[in-house]
Amino acid sequence: MSVMKKILSSVAVAATMMASTAQAEDMRIALVVKALGIGFFEAAAKGAEEAAAELGDVEIIYTGPTDTTAEGQIEVINSLIAQGVDAIAISANDPDALVPALKKAMQRGITVISWDSGVAPEGRQMHLNPSSNALIGNMIIKLAADHLPDGGQVAVLSASATATNQNIWIDEMNKVMGDYPGIEVVTTVYGDDLADKSYREAQGLMQSYPDLDAIIAPTSVGIVAAAQAVADAGKVGQINVTGLGLPSEMAGAIDSGASKSFAIWNPIDLGYSAAMIAHALATEAATAEPGAAIPMGRMGSVTLDDTNSGAMADPFVYDSSNIEQFKSIF
Amino acid sequence: MKQLLSSRELILSAAIVVMLGLIATRFPGFVAPGNLADVFNDTSPLIILAIGQMIVILTKCIDLSVAANLALTGMVCAMINVAAPGVPVAVIVFVAIALGALLGAFNGILVWKLDIPPIVVTLGTMTIYRGIIFLISDGKWVNSHEMSDAFKAFPRAEALGLPMLSWLAILMVVIFFVLMTRTTLGRAFYAVGGNPHAAVYTGINVGKSQFWAFVFSGALAGLTGYLWVSRYAVAYVDIALGFELDVVAACVIGGIAISGGIGSVGGAVLGALFLGVIKNALPVINVSPFWQMAISGSAIIIAIAVNTRAGRTKGRIILKKAEHAS
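Taken in sequence, the protein lines are chains C and P. Just so we're aligned: the first sequence equals residues 1 to 330 in full-length UniProt numbering. Just so we're aligned: the second sequence equals residues 1 to 326 in full-length UniProt numbering.
Bound-form chain C, shown alone:
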């Protein structure tokens, strides 16, 4: 099996090598993903191609191992170094294991950035996060507030009471509540990322707060379960379920109307931005240092913090207008 994978990945690398020799004068940016064949990364590659088309003189090499291992990515990186690409933008399978290989790449003058899933600071020039905690916290309450022009009651359905990510996002949300007058967060309940418990908690919310207008679930299991509970209770249109979810998992809820909109990062934008940043750094149009602002084409610019990492944008909002396009992607 692993021999087969090795053959496959070396064929893939050989193919990209052959393709790349054809246009040697272009700048070559390698988009290295966790594994080939994942919808999310295919979409990111589409975004990177879009950036390449916009920039003109750029060729995108979309590559990665056939399974999500650090070893597979190291092989890919080594072959990219041998090809002498101009930049590597990687979503890492391991933050530390890839550092030596990526250091070697940087010593050869290759621009190295990480995106989506980061590499330790010594192994890359900068890291692009899809979003930031503050932006996510603001987005989840904004999603609910946008459909409640006259204000209303919202409740939060989180993962477990001790889930770090969700707690940070809810804290960030509470910080910006002043910007949304009339919106009252009545309670926070915990579904423990179990479909049945989340469903039951959502039912409990509907009973305890008969005037509830929205349920915010910043967790992909919770949002799906809450949408199903609202649909089963016949409260579609009365209670809007929103939060963070994946388009493929939420398509049913958008169709039924239980959820008007929800958010998650947009992989197309992420691939686009990664390619733009890699281009800017490789052409030395920008340098990666704390406080620097690096342009990302149509996505504006990213400002780096002390660890040379930055947040791309607000999470992307999905609703009935674009769910069809994205539900098959991820």
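It should be emphasised that the hints constitute simulated quantities derived from the structure, not laboratory data. Don't take every hint at face value.
Derived EDC-like pairs: lysine to aspartate or glutamate, alpha-carbon spacing no greater than 16 Å straight-line [said to hold, decoys possible]:
| # | chain 1 | residue 1 | chain 2 | residue 2 |
| --- | --- | --- | --- | --- |
| 1 | P | Lys152 | C | Asp255 |
| 2 | C | Lys103 | C | Glu75 |
| 3 | C | Lys197 | P | Asp38 |
| 4 | C | Lys175 | C | Asp193 |
| 5 | C | Lys197 | P | Asp42 |
Starting from the known structure of chain C, arrange chain P on it as the hints suggest.
Using the frame of chain C, we list chain P on its own:
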């Protein structure tokens, strides 16, 4: 014996009524008939699984693979539905029961023919079944928009004011009540757990009875697998993770002796309802999530303590009666 069982059930019923009363003081809407029907519906999967688990425990075994069996069967049903949306729900229900029974039979064979302790067998198959879900699904979810409407509608379809999910639970209670009290096989389960040596002398094959107990438990888990996946309209590797412990807890609360031989369908149902009421009440009575786990745990221990005490005093009374009679 019969008196002892019925009184256990009486105590448990009283405990559930008292609990409902306490909940009503904090949230009156909870005891509205409509809501109680919802609670029953929500508890139906637990009731069905608890009946199967009861039979297994009666024979001195335990089935820890029920939740994994449920998840695997559920995933297979969902994938069949995605691949062939035209397959009627009746066929899917049949496949679910058959596949569940097969997975249960696998446990049963290992216990029967290889004489491996049931807790070891089912711990192993629990992981194996979860692993198989990962293999067949590639770790991906089957989502509600991929499932056909008929597939999702079945457990929700209402008849005489109750959804099919509730009716199926009631049907299983009736079937297994008859099976356990009116058939040779049902009595064999009690005999095997109550006194295996005596059972052998009366011509009962202990291993075979245990095998059938696992088959029943598996078939019920399979049925629940389809119901679960269509009710929550999602199938993935981790559905019902840890649910086997709820099922065992429901049995223990229901007065089914872990040492085998003692228990009834009524006890399993009441045990499941007891847990179901707690699970559904906690979200509405506004207690901190950090307290919720402690409260469910204490409720279980109190229920069991009351149960065993009740059992003990009953034993003495029977002896006294025997003394007087002689």
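Now for the hints, and whether the structure bears them out:
Between the alpha carbons of Lys152 of chain P and Asp255 of chain C the distance comes to roughly 14 Å, so the proposed pair stays at or under 16 Å and holds. A C-alpha spacing of about 14 Å is found between Lys103 of chain C and Glu75 of chain C, which places the hinted pair at or below 16 Å, so the restraint holds. The straight-line distance between the Cα atoms of Lys197 of chain C and Asp38 of chain P is roughly 15 Å, inside the 16 Å bound, and the hint therefore holds. Taking the CA atoms of Lys175 of chain C and Asp193 of chain C, the gap is about 24 Å. The hint is violated against a cut of 16 Å.
Taking the CA atoms of Lys197 of chain C and Asp42 of chain P, the gap is near 11 Å; set against the 16 Å cutoff, the hint holds.
When the structure is compared with the earlier hints, a violation turns up for hint 4 alone.
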